[in-house]
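Trainee: Can you make the complete structure from the sequences, with help from the hints?
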Amino acid sequence: MSVIYMLLIISISVAVIFFIAFIIAVRSGQYDDSYTPSIRMLFEDELVKEKPKKTIQTKTD
Amino acid sequence: MEHKTCFHCGDDCRQNLISFQEKSFCCNGCKTVFEIFSENELTCYYDFESFPGAIPKEIEGKYDFLSDGTIVDKLIEFNDEKTQIVTLHIPHIHCSSCIWILENLNKLSSGISFSQVNFGTKKVRIAYNYKENSLKEVVLLLSSIGYEPYISLENYNKDIKSIDRSIIYKLGIAGFAFGNVMFLSFPEYFQDDGFWIDKYKSTFRWLMFTFSIPVVFYSAQDYFISAYKGLTSRFLNIDVPIALGILVLFIRSTVEILFELGTGFFDSLTGLVFFLLVGKFFQQKTYSFLSFERDYKSYFPIAITKITSGIEIPIQVYDIQKGDRLLIRNQELIPVDAILINGNASLDYSFVTGESESVRKSSGDKIFAGGKQISGVIEIEALKSVEQSYLTQLWSNDVFNKNKTTSFTTLTNSISKHFTIAILSISIIATTFWLLYDASKAINVFTAVLIIACPCAIALSAPFTYGNLLRIFGKLNFYVKNATVLEQLGMVDTIIFDKTGTITTNQESTVTYNGDKLSGNEEVLLKNSLRGSNHPLSRSLYDLLEEHNIISLNYFEEHIGKGIEASYNNDTMKIGSANFIGHNHNTSVLNTTVHISSNDVYKGKYTFFNKYRKGVSKLFKSLKRNYDLVILSGDNEGEYENLKKLLPSKTKLIFNQKPTEKLEYIKHHQSEGAKVLMIGDGLNDAGALAQSDVGISISENINVFSPACDIIMDASKFSQLNKFIKASKSAIKIIKMSFVLSFMYNIIGLYFAVTGQLSPVIAAILMPLSSISIVVFTTLMTTIIGNKIK
Chain G
1000 MSVIYMLLII SISVAVIFFI AFIIAVRSGQ YDDSYTPSIR MLFEDELVKE KPKKTIQTKT
1060 D
Chain H
-15 MEHKTCFHCG DDCRQNLISF QEKSFCCNGC KTVFEIFSEN ELTCYYDFES FPGAIPKEIE
45 GKYDFLSDGT IVDKLIEFND EKTQIVTLHI PHIHCSSCIW ILENLNKLSS GISFSQVNFG
105 TKKVRIAYNY KENSLKEVVL LLSSIGYEPY ISLENYNKDI KSIDRSIIYK LGIAGFAFGN
165 VMFLSFPEYF QDDGFWIDKY KSTFRWLMFT FSIPVVFYSA QDYFISAYKG LTSRFLNIDV
225 PIALGILVLF IRSTVEILFE LGTGFFDSLT GLVFFLLVGK FFQQKTYSFL SFERDYKSYF
285 PIAITKITSG IEIPIQVYDI QKGDRLLIRN QELIPVDAIL INGNASLDYS FVTGESESVR
345 KSSGDKIFAG GKQISGVIEI EALKSVEQSY LTQLWSNDVF NKNKTTSFTT LTNSISKHFT
405 IAILSISIIA TTFWLLYDAS KAINVFTAVL IIACPCAIAL SAPFTYGNLL RIFGKLNFYV
465 KNATVLEQLG MVDTIIFDKT GTITTNQEST VTYNGDKLSG NEEVLLKNSL RGSNHPLSRS
525 LYDLLEEHNI ISLNYFEEHI GKGIEASYNN DTMKIGSANF IGHNHNTSVL NTTVHISSND
585 VYKGKYTFFN KYRKGVSKLF KSLKRNYDLV ILSGDNEGEY ENLKKLLPSK TKLIFNQKPT
645 EKLEYIKHHQ SEGAKVLMIG DGLNDAGALA QSDVGISISE NINVFSPACD IIMDASKFSQ
705 LNKFIKASKS AIKIIKMSFV LSFMYNIIGL YFAVTGQLSP VIAAILMPLS SISIVVFTTL
765 MTTIIGNKIK
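Going down the list, the sequences are from chains G and H. Using my numbering, read the first sequence as starting at 1000 and increasing by one per residue. Using my numbering, read the second sequence as starting at -15 and increasing by one per residue.
Take the hints with a grain of salt, since some may be wrong.
What the hints assert, rightly or not - With beta-carbon atoms standing in for the labels, derived distance ranges:
#, chain 1, residue 1, chain 2, residue 2, range
1, G, I1016, H, Q100, 24 to 30 angstroms
2, H, S346, G, S1027, 57 to 63 angstroms
3, G, V1002, H, F219, 50 to 56 angstroms
4, H, L764, G, V1002, 43 to 49 angstroms
No lab work stands behind these hints: they were computed from the structure. Yeah, the Cβ is synthetic: ideal placement off N, Cα and C, and Gly gets one too.
Mentor: Quick look at the structure:
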């Protein structure tokens, strides 16, 4: 089989894999709320920092 | 005096400062929330934003109906043996702290397994073990930390709506196919013949064919459906030439590769569908946190307390029957027309009429549905069921079942009629010519004309112009439902305003004092007495009076629904209603008043007036040249003279209009050919807003209730209304200009088509080029318009 067929199969299957990934992402609702996750991802660090402390530390103004 | 601000909610701690752990709080409620958070190590809440919280409200007994199984079943979306899942709307969600605390609810209660916030829609989805926590406990927990959910009749009987994601799928498929087809057609762009291309071109071609099948039959299906619908109703909409173009492209390309005549136009085909869908997607700007479809249901409670032989039981609002005894607590809504049996009613009808001051009623009085009880507990007897009440009857009018947008011919569709006819005649003339001259080329030319004339650029002008303008308007707190509304806004010639709450503001009022002048000591006592009261009138009067020294009163008592009694040294003062003061008051005056007596001697009264919004007069002056202006008010004629002075002389002033009369007034004018823009705010305007060509609902706080309408406008933008209308007019001009631009592309394309020289490469260049230049042109122009508004 000529190399061109190999290349076609590879390139199209890569494209199809990405396409399937896109469909799965849409189905799982990733595009329904595009704002909250961007804030949520910033929270985890804060949580870890706070856990070992026993005293309450908050911002005073 | 320096005011301290509350660490929790950011309010002034002017009345009773509470210090706790070196932080100041404005009330016990805020302090309690802080305590709850600090006990559970959740004080991170205060790190993301300053003053993120809200004061928790008194809610005792308010959610008793959530113990009723059938009501709970209507609210939850998932239920198995252990877990229930519920989605609650929480209006207070406004910052990252809110998201953080609501997603950490499991730390406050072990029964909650997870909670997830959707910031855009202000909703939180909570899964909980209902053996440990009932729904009522979850709601009470949320309320106790200042995040009281909003549960209304709208939540009842809701169909579980599946989210429509088809446009994303269609766009994804078209984009995927477009990219791949482009890449497969490259070899033939650059090489016509030769050993290599001859050997592989059929593979490339059939692969392209495969890719374009889902594009034609799935991604583009809406265009075929719409074109078919248009044709069956004898109407040439823009989708007719588009569907024709797509179909001809597909058939001709398939025939070409089947008989090895050429490479086909699959690249143009998939590109065309992709660009069209991008336009459609772009136009679909939705404001998920707003609702343009609200009716009384989203305002009414889901359940109410019924008293049967001395026992209180929660019942669903729809189950209320004539003659039922109902208990209305403080801050609860009157769901049906009724007679007041027990207690002093002070009803706030601001959502219904826009009138901000409360209405007092005593037992035996008839009260209408829609008012909110704001002083203590009352008992009422239902006179009608929910649907038959005075207010809710409005929704049985036909206007609420009519779809406004379908009856409107858009600019694009009106132009497409001429366009389609022109294209069909050009293709027939060209084909006839070639039939006589060189018959072998005739069918080529016929299809080429239909392909190149496919009005992609025309179809894109409106979506991109309106889509972009919608976004710009949205940033300026002027939220438009959809693109069609913008076009209609540009065409209105009559503007009708509601009075109360629309041209007047509910937030501020002006006050005048009639009576004997108060002495210095009396003023100090008055100001200090008002400080202790939470009644809305006391609050607004307090804000309007001059600053005085703070003294600690010897005696202070607030009689709910009546007034305040206070004393300092030897002076006593009574502030409140005329009856409370003991003054025989002439009740024919319709304005809201607060009476004052000092040492049991009547001193005088403060009268509140609605304040007109800033710039009303200016706005009316700028509008009067181009529009017919009308004030259509449900109120009495008390303000007639004031309005006469304030507004241009040709403004029509009509008073005492019932909700249905407002609707009929607009209908009457429309039958005379007027394009009506209605601006209102309350539920009593709902009919008029629905009947008008464009209905604008004006709102002090866009997150709270507004009736069904086409545009929701922030009250602060009221004076700029004219600029928004002007911008919509310019948008129509932009679309017309881009039509001219795309016609020029069409003429160039048609030259190639008619002379029989249309090759796939030319089509593949011309089509994206015209589409992209239209997109760039419209986006630039709308941005310029947008800057003018600011």
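Trainee: With reference to the structure, classify each hint as holding or not holding.
Mentor: Okay, the hints, checked on the actual structure:
The hinted window of 24 to 30 angstroms between I1016 of chain G and Q100 of chain H holds, with their beta carbons roughly 29 angstroms apart. Judged by the Cβ atoms, the range 57 to 63 angstroms given for S346 of chain H and S1027 of chain G holds: they are separated by roughly 58 angstroms. Restraint check, V1002 of chain G to F219 of chain H: a C-beta distance of roughly 54 angstroms satisfies the suggested window 50 to 56 angstroms. Checked against the given bound of 43 to 49 angstroms, the beta carbons of L764 of chain H and V1002 of chain G, roughly 46 angstroms apart, stay inside it.
When held up to the earlier numbered hints, the structure conflicts with none and fits them all.
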